[in-house]
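**Q** Going by my numbering, 366 is the number at position 206 of the sequence shown; the sequence numbering is gapless.
What the hints contain is simulated information worked out from the structure, not anything from laboratory work.
Watch out, some of these pointers could steer you wrong.
Stated by the list, open to error - Estimated spans, in silico, between C-beta atoms of each pair:
hint: 1; residue 1: Gly-171; residue 2: Thr-389; range: 32 to 38 Å
hint: 2; residue 1: Glu-229; residue 2: Arg-378; range: 37 to 43 Å
hint: 3; residue 1: Glu-294; residue 2: Ser-231; range: 28 to 34 Å
hint: 4; residue 1: Arg-378; residue 2: Met-295; range: 21 to 27 Å
hint: 5; residue 1: Arg-173; residue 2: Tyr-384; range: 47 to 53 Å
Stated by the list, open to error - Below, a list of computed lysine-lysine pairs in the DSSO-like style, where the Cα atoms sit at most 30 Å apart:
hint: 6; residue 1: Lys-336; residue 2: Lys-303
hint: 7; residue 1: Lys-336; residue 2: Lys-280
hint: 8; residue 1: Lys-377; residue 2: Lys-220
hint: 9; residue 1: Lys-336; residue 2: Lys-316
hint: 10; residue 1: Lys-220; residue 2: Lys-336
hint: 11; residue 1: Lys-316; residue 2: Lys-303
hint: 12; residue 1: Lys-316; residue 2: Lys-377
hint: 13; residue 1: Lys-280; residue 2: Lys-303
hint: 14; residue 1: Lys-303; residue 2: Lys-377
hint: 15; residue 1: Lys-303; residue 2: Lys-220
hint: 16; residue 1: Lys-280; residue 2: Lys-316
hint: 17; residue 1: Lys-377; residue 2: Lys-280
hint: 18; residue 1: Lys-336; residue 2: Lys-377
C-beta: ideal position from N, C-alpha, C; glycine also.
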Amino acid sequence: MWAVPCDCTEGDRAERALARARVPERYRHCDFANYEPDNDYEGSSREQIGSWNRSLAQAKIVVERFAQEFSPVRDMQSEHGLLLMGPCGVGKTHLVVAALKEIVLRGHSGLFYDYRELLKEIQDSYNAESQSTEMGVLEPVLKTEVLVLDDLGSSKPSAWALETVGHILNSRYNEKRVTLLTTNYLDTDTSAGASSQRATGLRPGALEDSLSDRIGKRIRSRLYEMCRTLEIYAPDYRKEIRNLSRGRA
């Protein structure tokens, strides 16, 4: 006779692992199975819808393969994380959370941080009344096997913010640790293919600032070395759902 863990114990263990990884409750449900790359968009041509859905499907394939193949030994050699770029509502956060969940549930260490939240926690650590210290916040971020940094560039850049983010990314780069990032900001030096997509309306949602404008050229250059860049071009699906709901009301 031997003890077999019950389902509830396994479920509790998974919840504790996700809590340690700081995966927000809002995203706990996100996995690859419920990421939907086959969507319909009202008022759009079949060609546009097909191009958008192919972009979503390709992003899912790449991120899911990354999660499946992740191992510290392999990724210490390849050094490559992922940078998902694209407008709001295309599922960038969904995909990186799905990858993080799969990795931490296999026993690896990982952390999820919203870009603004991380900077605020570090700033708060300077307060004399704070129970945390700068290194108390930074050390897990620097040392975890996989760091998810969501919504990169979402706050206006300051010298302090750029220095802090640069330190985090450079430290992880030097230690060959994997970082997954998302951003709504795009590059200005796009390829001819991307320019064609923009011209035909297949690359919507670009913001006026470029990613380099928001994080600085030095950090953007470092990310080219650290990450494979995936640009997802599709409309905001959350907005489409809201519009459909209003139309049916």
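**Q** Give a verdict on every hint.
**A** Hint by hint, here is what the structure shows:
no.: 1; hint: Gly-171 - Thr-389: 32 to 38 Å; result: 36 Å, holds
no.: 2; hint: Glu-229 - Arg-378: 37 to 43 Å; result: 30 Å, violated
no.: 3; hint: Glu-294 - Ser-231: 28 to 34 Å; result: 31 Å, holds
no.: 4; hint: Arg-378 - Met-295: 21 to 27 Å; result: 23 Å, holds
no.: 5; hint: Arg-173 - Tyr-384: 47 to 53 Å; result: 38 Å, violated
no.: 6; hint: Lys-336 - Lys-303; result: 10 Å, holds
no.: 7; hint: Lys-336 - Lys-280; result: 26 Å, holds
no.: 8; hint: Lys-377 - Lys-220; result: 28 Å, holds
no.: 9; hint: Lys-336 - Lys-316; result: 28 Å, holds
no.: 10; hint: Lys-220 - Lys-336; result: 24 Å, holds
no.: 11; hint: Lys-316 - Lys-303; result: 26 Å, holds
no.: 12; hint: Lys-316 - Lys-377; result: 15 Å, holds
no.: 13; hint: Lys-280 - Lys-303; result: 19 Å, holds
no.: 14; hint: Lys-303 - Lys-377; result: 25 Å, holds
no.: 15; hint: Lys-303 - Lys-220; result: 27 Å, holds
no.: 16; hint: Lys-280 - Lys-316; result: 13 Å, holds
no.: 17; hint: Lys-377 - Lys-280; result: 23 Å, holds
no.: 18; hint: Lys-336 - Lys-377; result: 21 Å, holds
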